[in-house]
Amino acid sequence: MQARQRDSLLVASLKDSLGAAVITFALAVVMVGLRVDVASGRGAELFLENRWLAVAVAVVVVFAGRFAMNIFFWKRDDPPSLNFSGLLPEGGIGERSSKAIKYGLLVLAVVLPFALMFWLGARGSRQYIDLAILVLTYVMLGWGLNIVVGLAGLLDLGYVAFYAVGAYSYALLAHYFGLSFWLCLPLAGILAAFWGIILGFPVLRLRGDYLAIVTLAFGEIIRVVLLNWYEFTGGPNGLSGIPRPSFFGLEFTRGEGGFANFFGLDYSSIHRIIFLYYLIFALALFTNFVTMRLRRMPIGRAWEALREDEIACRALGINTTTTKLTAFALGAMFAGFAGSFFATRQGFISPESFTFLESAIILAIVVLGGLGSQIGVVIAAIVMIGGFELFREFDQYRMLVFGMIMVVIMVWKPRGLISSRTPSVALSKNVKGISADLVQEGRG
Amino acid sequence: MNTWDNNPVLKVEHLTMRFGGLTAINDLSFNVGRGDITALIGPNGAGKTTVFNCITGFYKPTEGRLVMNRSSDEKHLLERMSDFKITADAKVARTFQNIRLFGGMTILENLMVAQHNRLMIASNWTIGGLLGLGGYRKSNLDAIETARYWLERIELIDRADAPAADLSYGDQRRLEIARAMCTGPELLCLDEPAAGLNPKESLELNNLLQYIRKEHDTSVVLIEHDMSVVMEISDHVVVLDYGVKISDGTPEFVKNDPHVIAAYLGVEDGEVELVEEEVGL
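Line by line, the protein sequences are chains X and V.
For the first sequence, my numbering assigns the number 1 to the initial residue and increments by one for each residue that follows.
For the second sequence, my numbering assigns the number 1 to the initial residue and increments by one for each residue that follows.
It cannot be assumed that every hint is accurate.
[As the list claims (entries may be wrong)] Distance windows between CB atoms, simulated: (1) X/Thr322 / V/Lys214: 57 to 67 Å; (2) X/Asp209 / V/Gly270: 55 to 65 Å; (3) V/Ile127 / X/Thr321: 12 to 22 Å; (4) X/Thr322 / V/Gly20: 50 to 60 Å; (5) X/Leu285 / V/Ile157: 31 to 41 Å; (6) X/Leu285 / V/Lys138: 20 to 30 Å; (7) V/Gly20 / X/Gly19: 51 to 61 Å; (8) V/Gly128 / X/Leu400: 45 to 55 Å.
FYI, nobody ran anything at the bench for these hints, they're computed from the structure.
Cβ atoms here follow ideal geometry from the backbone N, Cα and C, with glycine treated the same way.
With the rest of the complex left out, here is chain X (with noise of 0.2 Å):
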């Protein structure tokens, strides 16, 4: 028997080039080659467009691409040693750059808007602003989805549903009863936590791709019942002129009485974009002070216990149930309070907000962020909520960029940005991350 000949390496690269570029031809043949349009002047007519040019393209592409990358890297013998990961800071993030960049952060979160206003003057940095806020928002809605997806490491998929009940319960609240933000916030936040208990206690039976399931069925309920009570919310015309936010009992108004004629400044409708600003900003933080403080004590421990191992938690005497519970309730709570600031800032609510893209877009933020990560929350906030608005121009590549971005860092981190945890309690004073290889991801 003779061994098989072994092709030369022009031969095996264009073997597999040309392969290449038959898939390339038959996928694009039909998806980019045909495409259906309606004709402008001759009425409705629809008629069939052909672009053979673009098909061509594509496949000169893919055929070039292909030879390229086989012939100096993956059919050579003697590869040349590129090391890309040695571009990208060693094992992600560390610890002290992990510290630099939290103070860094939150010092700029400090200072922003006063550093816009003096580059860009209050009618240029206005949208920066408010893209902040945007940002800060879902920060916060990560921070709390993190108590949830993070520690407790229950999958919830229908998030947004406790973000609307928030929002729907101030601007109810103000609607009917008149209600001012400040009583409300609260309150959101109860009613937010009151569904979660309310819509967990069926739930937290399952594990897994199951709870998953649920809840995003019971996000959908949600959004329906919203959507269909057409007598109470208003359905799908929202409900609009909810309150704005007052600072300690000054309105944000032009004239007597105002923020702006209070402390002697000239009015301008910054002043209250900025307030919002800081509102959320404040929010946010209470939402990490909160769950940092509880990751130290009993109960947040238990919900780590209960991502790593759920059968050794009840053999060590935690109620399972009510842990996962106090988790799911809590992470709704803090969806509820960014929901009721949501509605007063928009001052207008549908339930168009809160779809299961938004669910997808915290979920997603969180776990690029890596699970159960603080800070990595923030810096997924900013890549892609902020990356996002920022492309705007780019219109419909931007999408096409935006899922780029995230295939990326998942194959750059798989366990997200941020992925080593931090010990909740330590004997010694150097203590270092436990990588992630070793942290469970959690089965509901």
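Given chain X's structure and the hints, the job is docking chain V onto it.
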């Protein structure tokens, strides 16, 4: 009279466990003496782990009663309690055949989680602790002290802040026992604690169990295949085969019991009929 009949910490009465048509345990009764180390032995598939799962509430027995006599004279009917209540209220702790540590948490954290219930009360169900009220801070330090004590006992104090998954197999076994002890149990159920240990580790385990029994007033029930461990440290041996108790007594008695020898080693051809008659075949 022996301790197990005189002063039982746990009474297993007519325990039966059926899974569909399979009877895993059939009308099993035995006592566990207070302060004793009781070994539950038997060939593979005899139903030992099922007995454990019934005692610790992971299975609900089909029939029978499990009475836990706390040293405070409280009685608990374990078959009516849910698994976490059995640990929390009846003070029965267990370990698992396939070790179940919280691998991504440090060794110290593992021991802190085990003291969950005590700390929850001290922190007024989190609210007091969150506000910094009450004796939570002190209780937390006490809990760390308890953990430190057990870490010194199992000689893992130097690695307290390392993740539990990084430990060697033998260390993980000892940590799991220490973690169970941190719940403050009166009865400790160990499922094959010596499985996979080398002779030195096995010896350390024996010492640890003797220490627990002596210093902590904790009775121990263990499932074990390693006869050297069983014969050396246990005060009382219960032998199961096919879900039925075939022998019950001191290690000396069990060692020489023909039923046990038959179950483990088989019998000579001439005696088959005799044995079959005895077991009712």
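Hints, one by one, checked against the model:
1. X/Thr322 / V/Lys214: 57 to 67 Å: violated, 36 Å
2. X/Asp209 / V/Gly270: 55 to 65 Å: holds, 59 Å
3. V/Ile127 / X/Thr321: 12 to 22 Å: holds, 19 Å
4. X/Thr322 / V/Gly20: 50 to 60 Å: This hint is violated: roughly 32 Å between Cβ atoms.
5. X/Leu285 / V/Ile157: 31 to 41 Å: holds, 37 Å
6. X/Leu285 / V/Lys138: 20 to 30 Å: Once the Cβ atoms are compared, 29 Å apart, the range 20 to 30 Å for V/Lys138 and X/Leu285 holds.
7. V/Gly20 / X/Gly19: 51 to 61 Å: holds, 54 Å
8. V/Gly128 / X/Leu400: 45 to 55 Å: Holds: the Cβ-Cβ distance is about 52 Å, inside 45 to 55 Å.
In the structure shown, a violation is registered for the earlier hints numbered 1, 4, in ascending order.
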